[in-house]
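Student: Listed here are the chains, written in short residue letters.
Protein chains: 2
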Amino acid sequence: MPSVEIVAVGTEILLGQLLDTNTSFIAARLAEAGIDVHATHAIGDNRERIAATIRAALERAEGVVTTGGLGPTVDDLTKEAVCDALGLGVELYEPALAHMKALFASFDRPMRENNRKQAELPLGSRPLDNPNGTAPGFIAFGAGGKFVACMPGVPREMKPMLEGQVVPFLRERFGARERIYTRVLHTIGIGESEIDHRIEELFRRGENPKIAVLAHDYRADVKIMAKAGSATEADGMIAPLQGEIECRLLGHVFGRDEATPASAVVALLRGRGQTLAVAESCTGGLVCAALTAVPGASQNFVGGVVAYDNAVKISQLGVDAARIAMAGAVSEEVARAMARGARERLKAGVALSTTGIAGPEGGTPEKPVGLVWIALDDGESHAVRLQLRGDRDAITRRATTAALGMLWRHLNNSRR
Amino acid sequence: MPSVEIVAVGTEILLGQLLDTNTSFIAARLAEAGIDVHATHAIGDNRERIAATIRAALERAEGVVTTGGLGPTVDDLTKEAVCDALGLGVELYEPALAHMKALFASFDRPMRENNRKQAELPLGSRPLDNPNGTAPGFIAFGAGGKFVACMPGVPREMKPMLEGQVVPFLRERFGARERIYTRVLHTIGIGESEIDHRIEELFRRGENPKIAVLAHDYRADVKIMAKAGSATEADGMIAPLQGEIECRLLGHVFGRDEATPASAVVALLRGRGQTLAVAESCTGGLVCAALTAVPGASQNFVGGVVAYDNAVKISQLGVDAARIAMAGAVSEEVARAMARGARERLKAGVALSTTGIAGPEGGTPEKPVGLVWIALDDGESHAVRLQLRGDRDAITRRATTAALGMLWRHLNNSRR
Chain Z
9 MPSVEIVAVG
19 TEILLGQLLD
29 TNTSFIAARL
39 AEAGIDVHAT
49 HAIGDNRERI
59 AATIRAALER
69 AEGVVTTGGL
79 GPTVDDLTKE
89 AVCDALGLGV
99 ELYEPALAHM
109 KALFASFDRP
119 MRENNRKQAE
129 LPLGSRPLDN
139 PNGTAPGFIA
149 FGAGGKFVAC
159 MPGVPREMKP
169 MLEGQVVPFL
179 RERFGARERI
189 YTRVLHTIGI
199 GESEIDHRIE
209 ELFRRGENPK
219 IAVLAHDYRA
229 DVKIMAKAGS
239 ATEADGMIAP
249 LQGEIECRLL
259 GHVFGRDEAT
269 PASAVVALLR
279 GRGQTLAVAE
289 SCTGGLVCAA
299 LTAVPGASQN
309 FVGGVVAYDN
319 AVKISQLGVD
329 AARIAMAGAV
339 SEEVARAMAR
349 GARERLKAGV
359 ALSTTGIAGP
369 EGGTPEKPVG
379 LVWIALDDGE
389 SHAVRLQLRG
399 DRDAITRRAT
409 TAALGMLWRH
419 LNNSRR
Chain E
9 MPSVEIVAVG
19 TEILLGQLLD
29 TNTSFIAARL
39 AEAGIDVHAT
49 HAIGDNRERI
59 AATIRAALER
69 AEGVVTTGGL
79 GPTVDDLTKE
89 AVCDALGLGV
99 ELYEPALAHM
109 KALFASFDRP
119 MRENNRKQAE
129 LPLGSRPLDN
139 PNGTAPGFIA
149 FGAGGKFVAC
159 MPGVPREMKP
169 MLEGQVVPFL
179 RERFGARERI
189 YTRVLHTIGI
199 GESEIDHRIE
209 ELFRRGENPK
219 IAVLAHDYRA
229 DVKIMAKAGS
239 ATEADGMIAP
249 LQGEIECRLL
259 GHVFGRDEAT
269 PASAVVALLR
279 GRGQTLAVAE
289 SCTGGLVCAA
299 LTAVPGASQN
309 FVGGVVAYDN
319 AVKISQLGVD
329 AARIAMAGAV
339 SEEVARAMAR
349 GARERLKAGV
359 ALSTTGIAGP
369 EGGTPEKPVG
379 LVWIALDDGE
389 SHAVRLQLRG
399 DRDAITRRAT
409 TAALGMLWRH
419 LNNSRR
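As they're listed, the protein sequences go chains Z and E. In this text, residue positions in the first sequence follow the working numbering: the first is 9, and each later residue adds one. In this text, residue positions in the second sequence follow the working numbering: the first is 9, and each later residue adds one.
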């Protein structure tokens with residue numbers, strides 16, 4: 009089975025100043041395309057070391073895919089290093105020069121000699137168009153049919169070049185007839201170990217499709233991966249397993265693939281023509297922000313009140329001052345009153361509220377950091393108490409997921 | 009100058025299922041410690057390939073630092089591969105076995121034979137304690153004084169082992185007397201190219217300290233890096249340059265190192281004992297969430313209204329319905345009215361508002377996607393119009409930074 013290696017170029021990566029997300033992106037796309045990757049490397053802006061890394065990789069693999077180092081500066085040395093590694097000269101690629109000239113004219117900026125250099129490609133190489141930038145990519149060829157595919161490091165330029173040109177080239181080259189199709193089932197309100205327990209023997213049914221459970225903050229995903237020759241074939245392999253898993257995790261699978269807790273909530277609200285309002289204390293706007301991130305949410309999400317100060321809980325949500333004085337701002341009573349207030353004041357069908365102690369200060373033995381009350385009001389009132397772990401950031405993120413999860417389960421159960 | 013290479017072990021990394029953040033973390037700590045890293049690699053759970061990668065790295069470098077593959081499963085093969093690469097056997101390390109037995113007893117779980125395997129280390133190696141997990145790390149030694157330092161892949165276990173044991177070992181080993189000290193100056197309201205222009209010749213003053221400009225969403229950082237033998241020495245090198253840069257970027261540097269736009273705003277509010285309220289439409293809770301993320305923000309940030317629906321703008325912020333009908337929800341008038349309403353209704357000293365079109369739907373030729381109005385009200389009213397680029401997520405993030413930046417500059421200017 010042929011394989012490739014990935015090389016990311018950039019001194020900032022080696023200094024830990026830039027987290028290289030390109031390599032992971034490329035690796036994922038190649039895995040889906042059924043192309044094996046046996047190693048990845050990051051190397052600095054050093055011509056000899058880049059060339060040596062490529063040379064060594066080509067001894068092990070059929071090809072190398074690189075990202076970065078194609079810019080116009082003196083630090084951009086990937087092309088020169090590829091020429092060194094493969095023993096090639098360069099030639100001017102006219103269409104790239106024309107593209108660059110047009111781009112600079114549209115910016116009304118002069119083109120410099122170092123930009124012209126970007127239009128030169130290793131002799132005999134196959135150009136890769138770059139509609140989102142100046143520098144073209146290329147696939148250069150060496151002895152024994154080995155190749156090096158070079159792409160820019162800017163993700164916005166690299167990603168379409170990879171998906172539109174490099175992956176198709178690799179699939180044809182390797183005669184890859186199968187690729188990996190993935191379906192993700194997102195769950196909430198059920199722990200990773202309980203999921204494991206319920207679907208354990210499905211894991212052992214075979215290697216294709218494969219199942220993995222991935223834990224996130226306060227929720228978990230089940231990933232089903234099928235190696236197949238077409239989407240239809242993959243769907244035929246995934247569907248029965250998916251049905252079985254959804255059945256065993258009934259009431260917990262809130263969505264597939266791109267779904268988020270917020271998008272699942274918005275979809276249910278939309279289905280029943282219901283509106284939602286939010287009252288947040290400890291989550292401080294994160295529940296509203298998660299809902300707003302769903303395109304088209306404005307049809308059903310009317311808005312919210314971030315009632316951080318008690319005075320705002322009283323004035324904007326109508327929470328009784330005496331109740332806050334008696335039970336404290338972080339209490340079941342106040343959570344319920346906040347939800348009711350949000351529903352009535354913002355004139356929504358259902359409202360969700362959060363109040364808790366995110367820390368690092370403010371905890372007591374009775375009400376420790378991580379204590380969060382969540383309430384839901386749709387005429388009837390519901391509340392849950394959580395004790396969350398982690399720092400301020402983790403607690404607020406988990407409380408946000410838990411609140412949206414509580415609402416999703418409520419809407420989902422009352423639908424059946 | 010001696011150097012090391014970093015090897016991350018795990019098939020999930022090569023499949024793009026796990027974004028490897030360990031390598032970047034290790035690289036940053038080593039750079040700070042003055043230790044050169046010339047290459048990093050990721051490799052799957054394959055004994056031969058791990059051994060070959062380590063062997064090749066040791067031909068180029070004095071040492072290798074690995075992360076991952078020390079767990080108890082059959083897929084965890086780093087230790088075996090290191091033994092292969094260096095030609096070493098293993099020996100039982102009693103303290104690690106005792107630590108593991110105590111851990112399992114405290115969990116009330118039986119210890120299995122594969123856990124016992126974790127207490128075995130390559131012959132003659134130096135153990136690295138792991139207070140946060142079962143498996144110890146180790147530094148194994150080969151011919152010619154070359155070494156391989158192996159750490160677990162779980163970040164919570166790896167990080168303290170790196171900082172407490174591996175970095176001190178490397179610094180001693182390499183006789184590193186200097187390390188890199190960094191100061192970051194965060195700016196807002198000034199473009200990357202304008203910063204470049206104003207401090208250009210400071211870049212050329214020398215290699216130590218070094219300056220870099222890093223662009224973020226709607227703001228930029230200036231990073232000053234000094235190679236020095238102590239923090240005091242570094243400070244003496246950084247301070248004059250920092251003073252010069254802060255002077256040239258006067259009115260734009262909102263904070264240093266860990267500061268965020270929100271923390272800078274909270275610090276100014278605290279200094280003058282002023283309170284803040286927020287009214288958000290297009291940013292949908294992100295401004296509130298950014299403020300809430302600052303520990304202790306509740307002293308000065310009273311809360312906000314996420315007025316996504318026009319009815320909420322009218323009922324909760326007192327925006328005139330006729331004004332919305334006339335000018336539209338995304339308009340200077342409505343932005344100003346939202347800020348005034350938030351200040352009055354939430355009884356704050358100053359209020360900030362946002363209204364805009366985040367897309368992907370809802371744009372028109374007159375009001376395209378990316379149009380955002382921000383207003384500020386402290387008795388007087390101020391408003392700015394922005395035309396932001398990017399997708400829904402980028403537009404809302406940029407609008408959030410721009411809004412906090414506008415408020416910071418207003419508070420900062422009125423202070424002087």
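Some hints here could point you the wrong way.
Unchecked claim - In silico SDA-like pairs for lysine to any residue, Cα to Cα no more than 20 angstroms straight-line:
hint	chain 1	residue 1	chain 2	residue 2
1	Z	167	E	399
2	E	231	Z	24
3	E	375	E	355
4	E	231	Z	167
5	Z	218	E	83
6	Z	235	E	304
7	Z	167	E	81
8	E	218	Z	25
9	E	167	Z	318
10	E	355	Z	319
11	E	355	Z	183
12	Z	355	E	257
13	Z	125	Z	103
14	Z	231	E	375
15	E	355	Z	318
16	Z	154	Z	191
17	Z	235	E	395
18	Z	218	E	81
19	Z	231	E	177
20	Z	218	E	24
21	E	375	Z	304
22	E	218	Z	402
23	E	235	Z	402
24	E	125	E	79
25	Z	355	E	20
26	Z	167	E	25
27	Z	231	E	125
28	Z	231	E	323
29	Z	218	E	20
30	E	218	Z	81
31	Z	375	E	304
32	Z	218	E	25
33	E	231	Z	20
34	E	218	E	204
35	Z	167	E	402
36	Z	231	E	204
37	Z	218	E	395
Derived from the structure by calculation, the hints contain no laboratory data. Small disclaimer: the values here were computed from a predicted structure and weren't measured.
Student: Checking against the hints above, which ones are violated?
Tutor: Of the numbered hints, 3, 4, 6, 7, 9, 11, 12, 14, 16, 17, 19, 22, 23, 25, 27, 28, 36, 37 do not hold.
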